[in-house]
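Line by line, the protein sequences give chains A and B. First residue of the first sequence: 11, per the working numbering; consecutive thereafter. First residue of the second sequence: 237, per the working numbering; consecutive thereafter.
Simulated from the structure, these hints should not be mistaken for laboratory data.
Simulated pairs of lysine-lysine, DSBU-like, Cα-Cα distance not exceeding 35 angstroms: (1) A:K199 with B:K530; (2) B:K337 with B:K391; (3) B:K391 with A:K73.
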Amino acid sequence: MTETLVVKGGRTDGASPSARRNFAWIGVVPFFAFLFLFLIVPAISVFWNAFDTDKGFSVSAMKEAISGQNRDAFWFSVRFSAGSAAVGVIFGTLLAYAAATATRPRWLRSTVTSFSGVAANMGGLPLAFMFLALLGRQGLLTKVLSAAGLDLYGGDFELGSELGLISVYSYFNIPLMVLITLPALDGLKPAWREACANLGGTSFTYWWRVGLPVLAPSLLGGFLLLFANSFSAYATAAVLTQNSMIVSQRIGFFLGGDVSIGENAVGFSLAAWMIIIMAISMGLYWIARRRAERWQS
Amino acid sequence: MTDQVVHDSLDQDPPTAPTGMAPPSVGRPNARFARLVPNTVLIVAALFFTLPLLALARFALQNVPTILLGWSTLFDKWSLEPMGRAFSDDVFWASLRLSLKLAFGTVLLTMLLLLPTAIWVHLRLPRMRPVIEFVTVLPYMIPAIALVAGIKLIKPHARWFLNSDMSLIPFYVVLALPFTYRSIDAGLRAIDLRTLVDASRSLGSGWLGTIRRVLIPNLRTAIISASFLTAAVVMGEYTIARLLLIDSLAPYQRILVGRDSQAGYGLNLLALLATTSLFVVVSVLTKKRDRKRKSFAYAAAKQASSQEHHPE
Numbered sequence: 011m012t013e014t015l016v017v018k019g020g021r022t023d024g025a026s027p028s029a030r031r032n033f034a035w036i037g038v039v040p041f042f043a044f045l046f047l048f049l050i051v052p053a054i055s056v057f058w059n060a061f062d063t064d065k066g067f068s069v070s071a072m073k074e075a076i077s078g079q080n081r082d083a084f085w086f087s088v089r090f091s092a093g094s095a096a097v098g099v100i101f102g103t104l105l106a107y108a109a110a111t112a113t114r115p116r117w118l119r120s121t122v123t124s125f126s127g128v129a130a131n132m133g134g135l136p137l138a139f140m141f142l143a144l145l146g147r148q149g150l151l152t153k154v155l156s157a158a159g160l161d162l163y164g165g166d167f168e169l170g171s172e173l174g175l176i177s178v179y180s181y182f183n184i185p186l187m188v189l190i191t192l193p194a195l196d197g198l199k200p201a202w203r204e205a206c207a208n209l210g211g212t213s214f215t216y217w218w219r220v221g222l223p224v225l226a227p228s229l230l231g232g233f234l235l236l237f238a239n240s241f242s243a244y245a246t247a248a249v250l251t252q253n254s255m256i257v258s259q260r261i262g263f264f265l266g267g268d269v270s271i272g273e274n275a276v277g278f279s280l281a282a283w284m285i286i287i288m289a290i291s292m293g294l295y296w297i298a299r300r301r302a303e304r305w306q307s
Numbered sequence: 237m238t239d240q241v242v243h244d245s246l247d248q249d250p251p252t253a254p255t256g257m258a259p260p261s262v263g264r265p266n267a268r269f270a271r272l273v274p275n276t277v278l279i280v281a282a283l284f285f286t287l288p289l290l291a292l293a294r295f296a297l298q299n300v301p302t303i304l305l306g307w308s309t310l311f312d313k314w315s316l317e318p319m320g321r322a323f324s325d326d327v328f329w330a331s332l333r334l335s336l337k338l339a340f341g342t343v344l345l346t347m348l349l350l351l352p353t354a355i356w357v358h359l360r361l362p363r364m365r366p367v368i369e370f371v372t373v374l375p376y377m378i379p380a381i382a383l384v385a386g387i388k389l390i391k392p393h394a395r396w397f398l399n400s401d402m403s404l405i406p407f408y409v410v411l412a413l414p415f416t417y418r419s420i421d422a423g424l425r426a427i428d429l430r431t432l433v434d435a436s437r438s439l440g441s442g443w444l445g446t447i448r449r450v451l452i453p454n455l456r457t458a459i460i461s462a463s464f465l466t467a468a469v470v471m472g473e474y475t476i477a478r479l480l481l482i483d484s485l486a487p488y489q490r491i492l493v494g495r496d497s498q499a500g501y502g503l504n505l506l507a508l509l510a511t512t513s514l515f516v517v518v519s520v521l522t523k524k525r526d527r528k529r530k531s532f533a534y535a536a537a538k539q540a541s542s543q544e545h546h547p548e
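Pulled out of the complex, with its shape left as it was, chain A reads as follows (with noise of 0.2 angstroms):
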């Protein structure tokens, strides 16, 4: 092909770089321009209204956000989205090491893999209808359990309880995990696990002293990544529940205009702690990611 010739022969620009490196900044200007005409301007001014009250600009609505009520719907959605993420990455890492070490069906790494590209981007309506359809009051399982003698609703759960929002929830976390823990099990060298061996080590020690330090902050990035996507899902719990406890849709009832007017800016006062709870985990994951990468060549 001459493509390689071509690259040999030498590139034709970087005869003046200096001049051109001047004005290549013009070129990303439209993308920030419209990033920040529809991602931060709408982001500064829910800021902006969540400390502008009716008596200037004050943080009360911010303290209100995180007080009583408020507080336990923070503190509710922080547990389940702790809990969800938790079970992901368990699971998610348990599934992606058995999918990586198997021999025996070939097909199986490779739909594990398709399979989890699929379902850790399902959520939205139709996700809340299959739970609906299988742990709903009505739900297949729940008349399987029922004839089997155990009673589902007997206790106090319901899919939108912390139980029932870890099970929904886990339906896109674990694929998710999937994906991010199988690279980081591909960086694990056999020749490491030899070593470990010819040092005198057993698997208990390779995993402890090797395997999950290594694997460390690709399961931290991965927790996090997890908090962020149960914490802030909508639609979902939209449909689970009407659960109020759960920010995301405490959110939604104030913007619905569901309660008083005069409590609008605490509306806009919890969107505002989401963002800053959003900020912290997902910043945190970028610092995990870049950690993570670096076994992952």
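We have chain A already, so just place chain B on it with the hints.
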């Protein structure tokens, strides 16, 4: 069963087989026992991921109340009809048309905005790549439910724009950005961009001609993937549409369940199948490209080495 019997059209090249994991045979006399935990995980996962799907399919396609469901009625009254029942509803077609328009507009605007930017960054501002990459993750930090709060706030200041349903398009471009950028970026990494551009330009083509006749054909897979992912995101978007009271497809899906639950479940099943097939096409295309690229790189290397021996 032997390993060789099982084949899959997607995975026929041994080089992509797992490389990093330790072979179970090393120092493991009881390999069969060691597989117990992973195999259990695989089976439980298979159940966890298929049962909800089957449950949805049952509610959509079988017209038997759960109370009456038992071994004797398990195979009664299955029909594909409820999946298409929405088709006789004008409101359905209106919502579908709106969602298709939004999806088309979002794909178009994404490409107009992202393609030139990504190409430019790869060519002229490679040091800005991490910055752009970070910026494209921002939509994760400002999720749909927070974004819609902001949209509600700026609405009074831009009614002329935000009163139109089509005003959702730029916001959907933003929502899909993490997917679309990654896809386009992967496409650009897969080709020798600088060489292609230099070759095209030195043959006298302008920038537009280069993008249209050289880059777009070479980025076909990435562009199709990004478009399909965008379409999937837009067609399923509920949060913003619902809270801005826009009658697109996803809000309709929910309304229909309230009115005629079987038809609603049927439509949701259909939507799920449609989205899934979009994602499957994307993953097949991407795999094909990566494989082609590998074999192409191999052929190019071979040719290069042969040309060293026989220069023209």
